[in-house]
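Residue numbers (the numbering used here), protein chains in the order written: chain A, 158 to 286; chain B, 4 to 308.
These are computed hints drawn from the structure, not numbers from a lab.
Errors might be hidden in some of the hints.
What the hints assert, rightly or not - Here are some of the chain A residues that sit facing chain B, going by a computed Cβ distance under 7 Å:
{"#": "1", "residue": "Met158"}
{"#": "2", "residue": "Glu161"}
{"#": "3", "residue": "Ile203"}
{"#": "4", "residue": "Pro205"}
Unchecked claim - Derived coverage of chain B by chain A (criterion: at least 3 residues anywhere in the stretch with Cβ under 8 Å from a Cβ of chain A; other residues may be distant):
{"#": "5", "region": "28-37"}
{"#": "6", "region": "55-63"}
{"#": "7", "region": "148-160"}
{"#": "8", "region": "231-237"}
Glycine included, each C-beta is placed from N, C-alpha and C at the ideal position.
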Amino acid sequence: MSLEVALVSPERILYTGEADMVVCRTPEGEIAFLTGHAPFVGTLEIAPVRVILTDGAEVKAAVHGGFVEVRDNKVSVLSDVAELPIQIDTARAQLALEKAERDCAESGGADCEQAIRRAKLRIAVAESK
Amino acid sequence: MAGGVERALRRRIKSIQSTKKITRAMELIAASRIVRAQQRVLAARPYIEQLTAVIANLSSAGAGLTHPLLETRESIGSVGFVTITADRGLCGGYNANMHRLTERAVAREKAAGRDYRLIAVGRKGNNFFRYRNYRIDGSFAGFSETPTYEDARAIAADLMAKYESGEIDQAQLIYTRFLSLGSQRATERQLLPLDPKAITETVREEDAGSADAYEFEPSPDEILAELLPRYVEARIFGALLEAAASEQVARQRAMKAATDNANDLIKNLDRVANRARQEMITTEIMEIVGGAEGMAQATAASHDN
Numbered sequence: 158m159s160l161e162v163a164l165v166s167p168e169r170i171l172y173t174g175e176a177d178m179v180v181c182r183t184p185e186g187e188i189a190f191l192t193g194h195a196p197f198v199g200t201l202e203i204a205p206v207r208v209i210l211t212d213g214a215e216v217k218a219a220v221h222g223g224f225v226e227v228r229d230n231k232v233s234v235l236s237d238v239a240e241l242p243i244q245i246d247t248a249r250a251q252l253a254l255e256k257a258e259r260d261c262a263e264s265g266g267a268d269c270e271q272a273i274r275r276a277k278l279r280i281a282v283a284e285s286k
Numbered sequence: 004m005a006g007g008v009e010r011a012l013r014r015r016i017k018s019i020q021s022t023k024k025i026t027r028a029m030e031l032i033a034a035s036r037i038v039r040a041q042q043r044v045l046a047a048r049p050y051i052e053q054l055t056a057v058i059a060n061l062s063s064a065g066a067g068l069t070h071p072l073l074e075t076r077e078s079i080g081s082v083g084f085v086t087i088t089a090d091r092g093l094c095g096g097y098n099a100n101m102h103r104l105t106e107r108a109v110a111r112e113k114a115a116g117r118d119y120r121l122i123a124v125g126r127k128g129n130n131f132f133r134y135r136n137y138r139i140d141g142s143f144a145g146f147s148e149t150p151t152y153e154d155a156r157a158i159a160a161d162l163m164a165k166y167e168s169g170e171i172d173q174a175q176l177i178y179t180r181f182l183s184l185g186s187q188r189a190t191e192r193q194l195l196p197l198d199p200k201a202i203t204e205t206v207r208e209e210d211a212g213s214a215d216a217y218e219f220e221p222s223p224d225e226i227l228a229e230l231l232p233r234y235v236e237a238r239i240f241g242a243l244l245e246a247a248a249s250e251q252v253a254r255q256r257a258m259k260a261a262t263d264n265a266n267d268l269i270k271n272l273d274r275v276a277n278r279a280r281q282e283m284i285t286t287e288i289m290e291i292v293g294g295a296e297g298m299a300q301a302t303a304a305s306h307d308n
């Protein structure tokens, strides 16, 4: 038995297929789903979602908030902004990070902290491919 | 000279022919974009379906569906309208249908003694309502053919801010539904408050979860508070995509009609021009014959003398 995984954003389906394990992060911390997991609904943090495929390969996606639902060995990850490593423009993310850090140094506030986290996530996911 | 009529006609035919080239090109471009727009509509469906399923499962698993976005307010002072139009014209009655539907809806609310707030999406709608002296409270444009999720998020944020502050107590979405290639319909739908019954009813059998006890992280209410705004955004995004597809179909159809009309015009004018040319030749022959006869008579007369 394996998990049926769907990684869905409003613009497209990023990934669907079988997998052994899905790892993501909710506000309470990292959580991994294996087959037979109890029904679960949670919100996602700005963090990578990792899908470990049945052949041991790994699909990683930068997920900027969203939801995960698990039931009957089906894992649905819904995110309004989600990107696979090939879709990430590292140079642009680097620029965004620098800009966000400048903004933070000047004014501070939650907005730029979010921006820093987004940019860092993009860079981390893109580099790990 | 009679030749002037023919020349004027030929000039008109030429100008119609160049117009026809333009309408024909627009027709073909629209036709090729329909396919892409249609694919985007289909690509967006899984997300909203899954999102709806999660909300439905949340409610069937015992989370009380209570949230400001779900509650119908007792007295409705003002209704917000989000009208989705195109940025460009030349698409038949597409924009006019949206204008008419919105005007009628606004008139209906006014008759019921309510105020209105207009959020105009698309350049055409903005121009129309400004020209007609409607008060526009939200204006978005420049993406009618290829809307992104970011655009939908901006509209949703504006709308929800108005709703939360009590500026509006209800929101209607006016757009052109894309039912199929052959059928698009101008539609008005309630967007806010969300109707919990409608949400749970639209869930397909296979997506509906059993009433198993779900685990929630964080609490169901907190998840719901996150889910519902995303749901509103996704609804608007879906409407933008359907409107974009409908716009391309409307444009393709309008440009096909224009091309056909140009063909008919050219055919008719060609006939008139040919007749004018024929008439001119006949007149010239008559003149020559008349002249020759006159000469012959004159010569005969001089011989008689």
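Okay, the hints, checked on the actual structure:
At a threshold of 7 Å, the smallest CB-CB gap from Met158 of chain A to chain B is about 18 Å, leaving the interface hint violated. Because the smallest distance between the Cβ of Glu161 of chain A and any Cβ of chain B comes to about 12 Å, over 7 Å, the interface hint for this residue is violated. Interface restraint check: Ile203 of chain A against chain B, minimum CB-CB distance 13 Å, threshold 7 Å, status violated. Given the 7 Å rule on beta carbons, the hint for Pro205 of chain A is violated: about 18 Å separates it from the nearest Cβ of chain B.
Counting residues of the region 28-37 of chain B whose CB lies closer than 8 Å to any CB of chain A gives 0, so the stated coverage by that chain is violated, three being the minimum. By the rule of at least three residues with a Cβ nearer than 8 Å to a Cβ of chain A, the coverage given for the region 55-63 of chain B holds, with 4 such residues. Counting residues of the region 148-160 of chain B whose beta carbon lies closer than 8 Å to any beta carbon of chain A gives 4, which meets the minimum of three for the stated coverage. Counting residues of the region 231-237 of chain B whose C-beta lies closer than 8 Å to any C-beta of chain A gives 3; at least three are required, and the coverage claim holds.
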